[in-house]
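Trainee: Residues per chain are reported as follows:
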Amino acid sequence: MEKQLFLKSKKIEKITLIFDALAVITYIALFLFLFNHLQMPMDGQSVILEDLETFNPIYNDFPGIFSNLVLNRGQMNSIISILIIFFIVAFPMLFINIKKNKTRTIYDIDSYSTASTFVQAIINLLTFNFVGAGLRVYNTFVYIKFLKGYSPKEFFKSIIPAIKNKRAERKAKKLEIVEDEEVKDEYSLSIKKSIRRQTAVSTVRLLLTYLFLVLIALIIIIPFYWMVLTSVKTFSESSSTLNPQFFLWIDRWNWVNYKVVLTEQNFGLYIKNTVIVALLSTFGTIITTVLSAYAFARIEFKGRELLFSILIMTMMIPGELYIITNFITVSKNGFGWIGNPAGENQYFLAMILPFVTSISYIFFLRQNFKQIPESLYKAARVDGCSDFKYLMRVMVPIASPTIFTITILNIFGSWNAYIWPRIITSVGDINGSNYWLISNALRDTDFVLDTGRVMYNLQIAASTLVTVPLLIVFFMFRKYIMNGIGRSGTKG
Amino acid sequence: MELRLEKLTKVFTNKNGQETRAVDNLDITIESGTLVALLGPSGCGKSTTLFMIAGLVKPTGGKIFFGEDDVTKLAPEKRGIGLVFQNYALYPHMTVFKNILFPLENLDVPRDEAFARVKEMANLVGIGELLDRKPSQLSGGQQQRVAIARALVKKPRVLLLDEPLSNLDARLRLQMREEIKRIQRETGITTIFVTHDQEEAMSISDKMVVLDFGKEQQYAAPQSMYNQPGNLFVAKFLGNPPINAFEAEVKNKKLIINEKPFMTLNVPDGLYDVGMRPENFRVADDGFKTEIKDIFHIGRDTMIHFEFNGNNVRALVDSDTMKVNQKSVSLTIKPERVYIFDKQTGKVVNHG
Numbered sequence: 001m002e003k004q005l006f007l008k009s010k011k012i013e014k015i016t017l018i019f020d021a022l023a024v025i026t027y028i029a030l031f032l033f034l035f036n037h038l039q040m041p042m043d044g045q046s047v048i049l050e051d052l053e054t055f056n057p058i059y060n061d062f063p064g065i066f067s068n069l070v071l072n073r074g075q076m077n078s079i080i081s082i083l084i085i086f087f088i089v090a091f092p093m094l095f096i097n098i099k100k101n102k103t104r105t106i107y108d109i110d111s112y113s114t115a116s117t118f119v120q121a122i123i124n125l126l127t128f129n130f131v132g133a134g135l136r137v138y139n140t141f142v143y144i145k146f147l148k149g150y151s152p153k154e155f156f157k158s159i160i161p162a163i164k165n166k167r168a169e170r171k172a173k174k175l176e177i178v179e180d181e182e183v184k185d186e187y188s189l190s191i192k193k194s195i196r197r198q199t200a201v202s203t204v205r206l207l208l209t210y211l212f213l214v215l216i217a218l219i220i221i222i223p224f225y226w227m228v229l230t231s232v233k234t235f236s237e238s239s240s241t242l243n244p245q246f247f248l249w250i251d252r253w254n255w256v257n258y259k260v261v262l263t264e265q266n267f268g269l270y271i272k273n274t275v276i277v278a279l280l281s282t283f284g285t286i287i288t289t290v291l292s293a294y295a296f297a298r299i300e301f302k303g304r305e306l307l308f309s310i311l312i313m314t315m316m317i318p319g320e321l322y323i324i325t326n327f328i329t330v331s332k333n334g335f336g337w338i339g340n341p342a343g344e345n346q347y348f349l350a351m352i353l354p355f356v357t358s359i360s361y362i363f364f365l366r367q368n369f370k371q372i373p374e375s376l377y378k379a380a381r382v383d384g385c386s387d388f389k390y391l392m393r394v395m396v397p398i399a400s401p402t403i404f405t406i407t408i409l410n411i412f413g414s415w416n417a418y419i420w421p422r423i424i425t426s427v428g429d430i431n432g433s434n435y436w437l438i439s440n441a442l443r444d445t446d447f448v449l450d451t452g453r454v455m456y457n458l459q460i461a462a463s464t465l466v467t468v469p470l471l472i473v474f475f476m477f478r479k480y481i482m483n484g485i486g487r488s489g490t491k492g
Numbered sequence: 001m002e003l004r005l006e007k008l009t010k011v012f013t014n015k016n017g018q019e020t021r022a023v024d025n026l027d028i029t030i031e032s033g034t035l036v037a038l039l040g041p042s043g044c045g046k047s048t049t050l051f052m053i054a055g056l057v058k059p060t061g062g063k064i065f066f067g068e069d070d071v072t073k074l075a076p077e078k079r080g081i082g083l084v085f086q087n088y089a090l091y092p093h094m095t096v097f098k099n100i101l102f103p104l105e106n107l108d109v110p111r112d113e114a115f116a117r118v119k120e121m122a123n124l125v126g127i128g129e130l131l132d133r134k135p136s137q138l139s140g141g142q143q144q145r146v147a148i149a150r151a152l153v154k155k156p157r158v159l160l161l162d163e164p165l166s167n168l169d170a171r172l173r174l175q176m177r178e179e180i181k182r183i184q185r186e187t188g189i190t191t192i193f194v195t196h197d198q199e200e201a202m203s204i205s206d207k208m209v210v211l212d213f214g215k216e217q218q219y220a221a222p223q224s225m226y227n228q229p230g231n232l233f234v235a236k237f238l239g240n241p242p243i244n245a246f247e248a249e250v251k252n253k254k255l256i257i258n259e260k261p262f263m264t265l266n267v268p269d270g271l272y273d274v275g276m277r278p279e280n281f282r283v284a285d286d287g288f289k290t291e292i293k294d295i296f297h298i299g300r301d302t303m304i305h306f307e308f309n310g311n312n313v314r315a316l317v318d319s320d321t322m323k324v325n326q327k328s329v330s331l332t333i334k335p336e337r338v339y340i341f342d343k344q345t346g347k348v349v350n351h352g
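Protein chains in written order, with this note's numbering: chain L, 1 to 492; chain U, 1 to 352.
Bound conformation, chain L alone (with noise of 0.2 Å):
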């Protein structure tokens, strides 16, 4: 009976994921079409950016059954930012959960769970998930089942029933307090003030460590807090210093900041410039550094131990003196891939090949590869299988904690790379802005007007477009990225 109850609840659980993944992809499918229909002051092809502030367009050319819908700028702004909440507040109960579901067991089930649940189905309310929140609901009445074994209708009169109980409990023990109260022993008198002595001592540094705690919080949060503000904010809010605004309504939030920034100012394009290229090599970087891992930690050969301490060496020299020698092998001199006329430089080979490969991940996986136990090798051996074999069947498996840990580590560094690609995107012809990556394009992108005004609320965009990818990928992934920082000391 229990038993297929908690089958019953896990099932309904994952119809319910279902519909919240259907709901997030709502999401942001609806935010994909609001923002393409974003319109900016245009002149002929290029975008006013005095403009911006004073635009107001009228949204009424919605297709289907919303064709009679018509939509102010504030309206429009509204719908959006009430999407991506919705999207903030969906999106990590999805992942939270699908993760949990995975693992629970039967025991896991309580009544903070139940509650838990039932808290979750208000949230999908609000979210207009209404499916998902009716679920969860009707999951919740299983719980009350499983756990007493009430059914709905009992529940509902239990509750009126169990509150005059602890009312009635809660009187008690107030007169038990005013009867001890009475008895003026002195020894209990006393033990009774150093009792209230030690929970004030407690409370009181509780209170302490917790008000600490907020304030750090406060001064790492208020930084990211501001920049997204600033990025929504127009241009006058934006530069207004004598009396900032530290909130502002949902209608207030312009999001067509993030569209200028996309499409006038590039940031697509550069965006997908960096995807690339970390992608690629990261890809890099993982088959070099699994291959030749894989040859220090298992494959004798001679002057094996010797060509590892000359790599390990070159750890040793800063980073920065690499850039001249892979300039020069990059360079005319060399491969001779930049400082060529226009449209014969190959700058994403420039940008790729000098980083697909890295020292100090190998030394980490060599580690790593070396305690895997020999006689799984010699089992291997026995069994007919080759070195090559051996690796993707055995060690990369087993070793794959390691390996995400590089690549999301390696990701980042591409991701955050400046000089190298500034440097090769600097040289030779003016197309070399096409290759910008996003930090150059942070630095080096005009966001100046003619008449003299830089506008910040453009830029702050920008930088938010580059941030907040990272900032998703360490929250989600912050185990394994702690894991390889601690293990392999602070570079990479």
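You can trust all of the hints, since none of them are fake.
Which chain L residues face chain U? A few, computed with CB under 10 Å, are given here:
1. Pro373
2. Glu374
3. Ala379
4. Ser386
5. Arg393
Pairs of lysine-lysine, BS3-like flavour, derived with a Cα cap of 25 Å:
6. U:Lys98 / L:Lys370
7. U:Lys134 / L:Lys100
8. U:Lys134 / L:Lys370
Hints were generated in silico from the structure; no laboratory data involved.
Predicted, not measured: the structure shown is a model, and the values here were computed from it.
Ideal Cβ positions, reconstructed from N, Cα and C, are used throughout, including at glycine.
Given the coordinates of chain L, assemble chain U onto it according to the supplied hints.
Mentor: Okay, now just chain U, sitting in the frame of chain L:
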């Protein structure tokens, strides 16, 4: 299939050019379908011998024959061997089923046949219902069975076991010992079993090879090796409690222990090493009388420590023949149970 080692030698050279003869001119023929134990103290070269047979270690000299085939230079996967490691060496990220399937995958066995063989093997070793578990979810004994199944699934010509029981607790060890014996009987596969535990080797094997410093000391069936040790090393290595060994002289066919004659022996005069197993002493009225220095009652048997013409000697006798806190006893030993070893070579000297 018969397995033959001819003058098998392995020399390890370290950085300073020093040579260690891990296996030294080993000549052994292992008959088809027998279970042979390689026995010896640690560092005697038994695992090296096993790995040379497996092909994981290249021999410095000598040859290995599987039946009529010379496999000395053959790669491990082509020899048709199954190898079970001390720590089982199961792939931790694969289920039991995939672990057992792995060797067949490399041999390109057709899917249906491979699945059938895995199931058959799993049932043979008694893990049929654990196939979808990971190795970390199994007990030591179950992991051991998986390792054996994985070694046997490709129908090898020889099964090699490298100290397979040393990671198990005492009770499980007894059980797995019988299990290995049963599996070997049922499959009829030629098996080599490496161990440093003499009791394990004697109980499981049809024949034993005792090695010391890479040299073969004796190759015989367990009981005959125990009763007729070939040399002093084997006599000392086998038996628990260990054999009593001391120096003695033979003059005019009389064995003289510390200038006191003990018994008549048919050997030439000279200085010899003498060995007497503690359990070969019997309590008898017509034996030699001796004071008891120490006495330990251990259930079925009683251990007596006494001084035998100046040598400290242990005797293991039936508890029924002894009283608690007995002060003296009269003991005998059969002449054929007194082992005489040459002082120089350590070889046994017949005195029948």
